[in-house]
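There are 2 protein chains.
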Amino acid sequence: MTQLETSMACLMKIFDTYAGKEGKPDTPTKAEVKTLLDKELPGRLKKRSAEDVNKLLKDLDFNGDGEVDFTEFMVLVTSITSKQCFYLSLHSKKLFTLL
Amino acid sequence: MTQLETSMACLMKIFDTYAGKEGKPDTPTKAEVKTLLDKELPGRLKKRSAEDVNKLLKDLDFNGDGEVDFTEFMVLVTSITSKQCFYLSLHSKKLFTLL
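Residue numbers (the UniProt record's numbering), protein chains in the order written: chain A, 1 to 99; chain B, 1 to 99.
What the hints contain is simulated information worked out from the structure, not anything from laboratory work. There may be inaccurate statements among the hints.
Same chains, same label: a pair holds when it works inside one copy or across any pair of copies.
Derived lysine-lysine pairs resembling DSBU-like cross-links, with alpha carbons at most 35 Å apart [stated by the list, open to error]:
# : residue 1 : residue 2
1 : LYS47     : LYS34
2 : LYS46     : LYS58
3 : LYS34     : LYS46
4 : LYS21     : LYS46
5 : LYS13     : LYS47
6 : LYS47     : LYS30
7 : LYS13     : LYS39
8 : LYS13     : LYS34
9 : LYS58     : LYS39
Throw the hints in and build the complete structure from the sequences for me.
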């Protein structure tokens, strides 16, 4: 597989892993997304108040169905990665964790 | 790094690699996106007519600036991956290349 295909497969696997813990297996609940963020982006949510986190989770749920589907998950990945890109292009080519 | 951070770093690296070949180093031209698709998603564009490919590249350029920025690139990645997810959830957990 190419690097892009590997990244795509990895993103799907991450999404499926956390989505499958409770409720519907193909869409994570907000609690499952919070667990995903805690585990996959360690330390980031700690800088945020509970209120901020709830707002982030609410904002992610574009269609208001109480769940985060894959596209909504990818919006989160894109926004975090875009910030990385912006920060990286400003400073240096080392990955800095920023939310 | 976690799996998600590794995937994010990989997506950034892929984007930077192809964006840096000509013109502005942080936004690939449509020609560079086509090269990216040919190399990173081998075989997919072959099923498509030149007209389809041009339409895809045009559609990707949401802000019409003649380039594809990282967010526009991630829309492409999301749409392809979402189709993968849909196809995978219907059939089996093996990665099928579909555009």
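Okay, the hints, checked on the actual structure:
no. : hint          : result
1   : LYS47 - LYS34 : within (14 Å within a copy, 40 Å between copies)
2   : LYS46 - LYS58 : within (18 Å within a copy, 41 Å between copies)
3   : LYS34 - LYS46 : within (11 Å within a copy, 40 Å between copies)
4   : LYS21 - LYS46 : within (22 Å within a copy, 39 Å between copies)
5   : LYS13 - LYS47 : both (27 Å within a copy, 27 Å between copies)
6   : LYS47 - LYS30 : within (19 Å within a copy, 39 Å between copies)
7   : LYS13 - LYS39 : both (14 Å within a copy, 23 Å between copies)
8   : LYS13 - LYS34 : both (17 Å within a copy, 27 Å between copies)
9   : LYS58 - LYS39 : within (19 Å within a copy, 37 Å between copies)
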